[in-house]
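Student: Fit chains L, X, Y, V and Z to the supplied structure of chain D, relying on the hints for placement.
Residue numbers (the working numbering), protein chains in the order written: chain D, 4 to 342; chain L, 4 to 342; chain X, 4 to 342; chain Y, 4 to 342; chain V, 4 to 342; chain Z, 4 to 342.
In case anyone wonders, no lab produced these hints; they're calculated from the structure. One or more of the hints may lead you astray.
Identical chains share a label here; the pair holds if one copy fits it or two copies do between them.
Said to hold, decoys possible - Below 30 Å or equal to it, Euclidean Cα-Cα: the simulated DSS-like pairs (lysine-lysine) are:
1. 155 <-> 103
2. 269 <-> 86
3. 159 <-> 238
4. 155 <-> 182
Computed from a predicted structure; not experimentally measured.
6 protein chains.
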Amino acid sequence: MRIVTFGELMLRLAPPGYERFVQASSLGMTFGGGEANVAVSLANYGMNAAFVTKLPQHEIGQAALNSLRKYGVDTVGIVRGGKRLGIYYLEKGASQRGSKVIYDRAESAFALSERGDYDWAVLLNGASCFHFTGITPALGGELPAICMDALKCAKKLGITTSCDLNYRGNLWTREQAGKVMGELMPMVDVCVCNEEDAADVFGIRAADTSVHAGKLSREGYIGVARELTARFGFKSVAITLRESISASDNNWGALLYTDEKVYFSKQYPVHIVDRVGGGDSFSGGLIYATLSGFDTQAALEFAVAASCLKHSVEGDYNLVSAAEVQRLAGGDASGRVRR
Amino acid sequence: MRIVTFGELMLRLAPPGYERFVQASSLGMTFGGGEANVAVSLANYGMNAAFVTKLPQHEIGQAALNSLRKYGVDTVGIVRGGKRLGIYYLEKGASQRGSKVIYDRAESAFALSERGDYDWAVLLNGASCFHFTGITPALGGELPAICMDALKCAKKLGITTSCDLNYRGNLWTREQAGKVMGELMPMVDVCVCNEEDAADVFGIRAADTSVHAGKLSREGYIGVARELTARFGFKSVAITLRESISASDNNWGALLYTDEKVYFSKQYPVHIVDRVGGGDSFSGGLIYATLSGFDTQAALEFAVAASCLKHSVEGDYNLVSAAEVQRLAGGDASGRVRR
Amino acid sequence: MRIVTFGELMLRLAPPGYERFVQASSLGMTFGGGEANVAVSLANYGMNAAFVTKLPQHEIGQAALNSLRKYGVDTVGIVRGGKRLGIYYLEKGASQRGSKVIYDRAESAFALSERGDYDWAVLLNGASCFHFTGITPALGGELPAICMDALKCAKKLGITTSCDLNYRGNLWTREQAGKVMGELMPMVDVCVCNEEDAADVFGIRAADTSVHAGKLSREGYIGVARELTARFGFKSVAITLRESISASDNNWGALLYTDEKVYFSKQYPVHIVDRVGGGDSFSGGLIYATLSGFDTQAALEFAVAASCLKHSVEGDYNLVSAAEVQRLAGGDASGRVRR
Amino acid sequence: MRIVTFGELMLRLAPPGYERFVQASSLGMTFGGGEANVAVSLANYGMNAAFVTKLPQHEIGQAALNSLRKYGVDTVGIVRGGKRLGIYYLEKGASQRGSKVIYDRAESAFALSERGDYDWAVLLNGASCFHFTGITPALGGELPAICMDALKCAKKLGITTSCDLNYRGNLWTREQAGKVMGELMPMVDVCVCNEEDAADVFGIRAADTSVHAGKLSREGYIGVARELTARFGFKSVAITLRESISASDNNWGALLYTDEKVYFSKQYPVHIVDRVGGGDSFSGGLIYATLSGFDTQAALEFAVAASCLKHSVEGDYNLVSAAEVQRLAGGDASGRVRR
Amino acid sequence: MRIVTFGELMLRLAPPGYERFVQASSLGMTFGGGEANVAVSLANYGMNAAFVTKLPQHEIGQAALNSLRKYGVDTVGIVRGGKRLGIYYLEKGASQRGSKVIYDRAESAFALSERGDYDWAVLLNGASCFHFTGITPALGGELPAICMDALKCAKKLGITTSCDLNYRGNLWTREQAGKVMGELMPMVDVCVCNEEDAADVFGIRAADTSVHAGKLSREGYIGVARELTARFGFKSVAITLRESISASDNNWGALLYTDEKVYFSKQYPVHIVDRVGGGDSFSGGLIYATLSGFDTQAALEFAVAASCLKHSVEGDYNLVSAAEVQRLAGGDASGRVRR
Amino acid sequence: MRIVTFGELMLRLAPPGYERFVQASSLGMTFGGGEANVAVSLANYGMNAAFVTKLPQHEIGQAALNSLRKYGVDTVGIVRGGKRLGIYYLEKGASQRGSKVIYDRAESAFALSERGDYDWAVLLNGASCFHFTGITPALGGELPAICMDALKCAKKLGITTSCDLNYRGNLWTREQAGKVMGELMPMVDVCVCNEEDAADVFGIRAADTSVHAGKLSREGYIGVARELTARFGFKSVAITLRESISASDNNWGALLYTDEKVYFSKQYPVHIVDRVGGGDSFSGGLIYATLSGFDTQAALEFAVAASCLKHSVEGDYNLVSAAEVQRLAGGDASGRVRR
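Looking at chain D on its own, in the form it has when it is part of the complex (with noise of 0.2 Å):
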């Protein structure tokens, strides 16, 4: 099956290990972003999986590219164009100092793309499903209207949609995303969102939590949930759930609502690797499980083990099997050595 997923491949600049900016010498070059990582686990877990994007013609967006086409991606909607490649220096934390993310984004042929780049009847064609991110169209420019174009079109194609609210600060305010991602919303079937997004975005805050101390009420996410769906109608509504005891070790479960029930996941103590791009991963790992047939508590857990696995990975991209995934979710968290 045949999913699209649309938005912004950016160049990822880190130093190795739990190096300091100030005292990097070299930095990891590697690429990814929230719709791209899920295109990527997507195709790893088989899927054909299409990224739509626009990329500069020079080797730098070459090689962007390249990091798609390796695991299997399909490239050839990609428009190039555009002078510059978006960049995210990256680095990572450990014990009591968080991970640190610069953006240097702006600009990007990404986000100053038009509306006559992309043809989506043509790069919709025969997906089963479209996915984006509050990303995209939080860049700006022509990018809110090119999400609607695609949007209309995967609704006049009858296409699943989804799309993982992902806020973020630095791109936009809590108001202007609030209005854009309202309008897209009635579009969307399934919306995916961590434990602040909807605050952040829409104003739903859940009861009991405070995201800092590390500790989150389950019961009031169930409400987000429910508001989430009741507001903009969502067949679905998934919601990450990360209790952050430090940088170096996380909790990692999830909730879904659907048809007015709430399946709630597994929760696993995460020893933290990687930790970017964690949504992105669960997104994957529930678009594929969903498409894939499995039963609403399957699906979750498919999506939540795949997720907890992304934390082991380096990089963006969550290079794990389905077989990998499954055999997590199916109960087998011991670490053991395969030989």
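Tutor: Okay, now just chains L, X, Y, V and Z, sitting in the frame of chain D:
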């Protein structure tokens, strides 16, 4: 005192850090193998440890041999010949993602060994102890017969023999293992195994234990040791007990059964740097402590402390001194800086 | 405000990651030393921090000096001359295996310093604070006298003086330390030490405490602080309290005793990236917070948070900003990503 | 235009820089093989290049496949199965020390290919060109027959066929090579070889030439080309001419013989970064230029310039664009910075 | 003596060794820019060198600033603000493959500088020399006006001014460059350029010269220097003369024209480690030698020897001492080991 | 045959690639020293080579010892004790920038050796040859006397003795060297030196030669050999002749004078990877070839070919086999790939 170990030495190729195989652009190049690992342990404790194997003449075979010479292992008995060095690819796991081993050891120079390659009367001359693991006969060909040759020669020379069952399901079936090992065991004085081996090889199972759930029953394993002893007449049986909490954290301990008495070691919560070779370092510690005349409990504590430390050392080889092991066995597990 | 610190700056040579010395084929090249570490902390907080030492003229000495300039430390007072830069080799421990330090610092340019090398009236001109550690007089030669020169000059200029006892058993005996430090302490206003120093240097022991068992008695250390104050007339005494669970995990806190009152900080469970320089980063934080007019509890919390963060930073130097320390001291220990 | 190449893809393991095998503690992990190298060249020029081989299902096999996808090679026709990926170890030489290759490719998944693995009618569907090298039949087993299957199918479909003789003395004897290649050659249109192959495979020697003395006779090779053409009816014969001054410096050129005319290329003095794959990059350039309709001299110059540039690129694959090759072929060999 | 240089400092991201961009999995992280490179040269010679620019407040900007402090450059005049640090990606060439630079410097903090950011009366206070290159005005916005501000202020203060024409075709057209530089040049005392700049910026061409063929006419460049002097009234004109044999080997020399006399330097055959910053190191050497009172020929020889050595140093900055330059300028080009 | 060499083994710390000391953030960790280098050469040729020195007991000393064991050197005669391992920092030069060595070897365990540390009757038992260099007595203390002890013992045992003059101006003056070496030389059978040593140590100068201009007079060196022989009664004198074109390119050859006849070797143009240990590899080759019964010209050619190859090997040790040397000495300098 001179100890001879016999088995395969492989090239170990591992991506840096926690990279997955598909991410790697380089592979760490070290060497290892159950019996070679034991020899290095013993050389590091100051013993006269000789390792017997067959290695190809080319530079990769030479590098393997050099890795042993570097740590003072006697390599004079190593036969040179054959075409390829066995390889294992190792991907280190973290958190819920287990380590992954891919073997490429078929048709290695060692696996194709012939009985005429090894003159045991010469090789075992002057030795106090002969050690091998179940991996060696599992390689097939003439190796079961060669193991029998070695054991018979050892018995004739009055040398103590030890064997780590070390079941590898990708090398032979449980049935094959049970048959071959069943024939060799009567020649063995000391049997070492882990929490799974006795069940895999001889169908002797610990009551009340689920290895994948990470909780082991101490009582159950007394029964295993007793039955092994009853069946094969071992002078002693040691069983390492690993509780796998995750790929990053394990609990590690062991029991020793001898003269109808059982001894349990302290249990260590280990934060894993590299767990490959953990069992081998236990055997190395046990042989050293036994040959050095430690009393039974002290010998067991030395072996467990040695293998506890191994989990903090990169590579197959346990690069710790007897003094370091003694310090831990003596109670200082605080990991404070030594200046 | 200008702070002057005085001591040795060494080349630190450390194998990558958790490699043992005998495995290494390269060594990380950084620089560090108790008082230099304090100077870097202060420069990172925006203070005018000057470091005084003696470095050889050659390129290795120059690289040492450059490592301080890079972070904005004033190096104008550094004397150039002598032949060699002191070295310490550092092997990072993990789990039950402690870190190992091998010193090669004898006959360094600094250790062979002469009183005439340092014109304290010039060096301390305009300073608010002078800081050194017990390592400096421990190096012997003329250094105890030079320390006395500096302290006398500081007292004459009305500069606050602080000293971290920092006992090093490989540099001098407890008796030597007690005698020399006992003569210098009356000139010192603020005394910093760790959970072992007071006992090692002055025989002042905390009741109910076993450092190697990793459990410290808070009450016992109040007595230590009180006795230190009684004996030497310190304005305040700060004691860092490290509970060593393993080489990977420590609990970290401190107490401050001043005006006959005792203040305890929060205690942090730290997952260790690099613990060398932990005490120095505490001194740096305490000096900064005190000179910045924080109240006593806040100053202590700043110092402990600063040194908590140090444990997550590679190298001797604590490369964190005052804002980062404040964020942790203010309660956000969740280690969430900052974008 | 679609080109299909067929052969083995191996894991290439090479110590960093100029380290010898016995010095290495890591090995660069890349992939390569004569025909795969040609496919990557062509994909980099924008052609529709498909590579056919057989790779094991495991992650090392997957990494090999990914290395081709990354550069846009069509991997749909790759058969998955078998146990091991062939390996070659490469030690890079310098000055008077030649590079050293150790092969460990026996029993690879590809070498054990069966005729039934490849459905040539499907694989060659729509192709303009089919390319293989003498290494493929040299691997033995069913591979000579499979090559014959492919060539017959190509002929039936009217596809141009090319073969690089690529004699490997460690795979077969001159006699074996002569016999097998002699049977395949009548189905081949374009023959590529280096300054030694024709003599090794078919006993056709250039007059006045000593390869090891590093001086080649241009005239002598015209005779070689003429005799090859006479014997097998090739449409054209290309011979690369390498003068080995040292492992660091070579002179590089080629001749092309077609329609009874001989064309000589410019000769380039190359300072070598990595010479493996030099011949393959020539074949890739020649196929591209020929299929693109270049005139004969221009096609030869393109092929030689392409392979000249290959010597400056690390790894087997020639990662240069057609524009870069054209710039060099057009005369700009100054190596100035392009901004 | 105090020298002030003004321009952009960029993050330089370069694959290791000779890797192409599409191969890299990490990028070396250094910093450079024409005028900053000159400042570092001068600081290494012991001059009081100040660099003026504008850098963002974040850690990447800080790392850039630190790279200058490390080598003793005075960074007090650096303005902090703006959002991004300009970047250039550098792929090092070899043999016939030239190096490749991809700029991503638009919208940098420096490029968006405003006239009010720089208080030249303060910045130039006490300076003997002010230096900039043609890249600074080429960045557009207010920078041409800011350069004019600086030059006027310098003239008022009696400071010698120098400019390296440094034409960059990707920043502006020849016409734009000619117009803007034509207005600034009358305020400049010393003009530096390479073998192409005068033609690119002012249409002044050397007779008998083909840069891409790697052969330059010494006579032709005398004419260039004479015409530049005639047009703009320079006190002296220096022209570096690079003969590009390949990306690995260049010949390097220069001429200096002053008081109607021409001086030619020795010419050095350089084996290139890193040629970026070659011209800047020439300017640095020339400024140092001139300010130090060298006679004309000696000053030219110092500048050429300095820049010859730069080609052996990785990174933009020329990290050589005046003594090292003098040794080469004095005739010892044998590259023998210094112990 | 058994050869014993005696001298210091140092830790060699070198920045990666062509980095300057002030750029390095890591240092390659290898070991080397004139006489140890000879021992490794001989062990690689399959000789029974023993190295005698004194090394500290700690892990850095152990790593040094391991580096010899790895290559099969007999380390049984190494004395353990003392405090520090001598160090040399090596910065590799390129083109016109020469390599730079900074020694930090004073007060090393070896330099502080006492006569009682070495029982020469035991150490030289069974040896055919004893070798040392002028560096050993240059270290002072008891070492000149220890060298005399060794030489006397060797003479008593009928062992051939050889010495490489190896003058180091930073260890002693020409006068000191001349005096001490003048006393030792009468006990030496074979004298090896480079193009500068005889002049530095004994004031014997080659006519018509300028070392720094990179051109040596073959005739002049015949006179040097003749005079050395006349003065000290050597059985043979070998002089290596290095023409330093640049730090990257040298010409390398040698002469051997024996029985009043002079033999000149081929001269090799070497492209340098690492030239440290070049002279030692010559001594190693000469000892091997002589002990193996090569005729004089062949022995000289072997020694020169061995040391030619050394220039292509990283580190002090010459890691080449006798077969590789023979291939080059036999005429194949083309550096072609060996498969």
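Student: I want to check one pair: residue 269 and residue 86. Are their C-alpha atoms no more than 30 Å apart within a copy, between two copies, both, or neither?
Tutor: Classified as neither: same-chain Cα gap 45 Å, cross-chain 37 Å, threshold 30 Å.
Student: When no copy is named, should residue 159 and residue 238 be tagged within, between, both, or neither for a Cα gap of at most 30 Å?
Tutor: within (17 Å within a copy, 56 Å between copies)
Student: If the cutoff is 30 Å on CA atoms, where do residue 155 and residue 103 land: within, between, both or neither? Let me know, please.
Tutor: Neither, since 36 Å and 43 Å both go past 30 Å.
Student: At most 30 Å between alpha carbons: which applies to residue 155 and residue 182, within, between, both or neither?
Tutor: Within one copy, since 18 Å is at most 30 Å while 51 Å is not.
The earlier numbered hints that this structure contradicts are 1 and 2.
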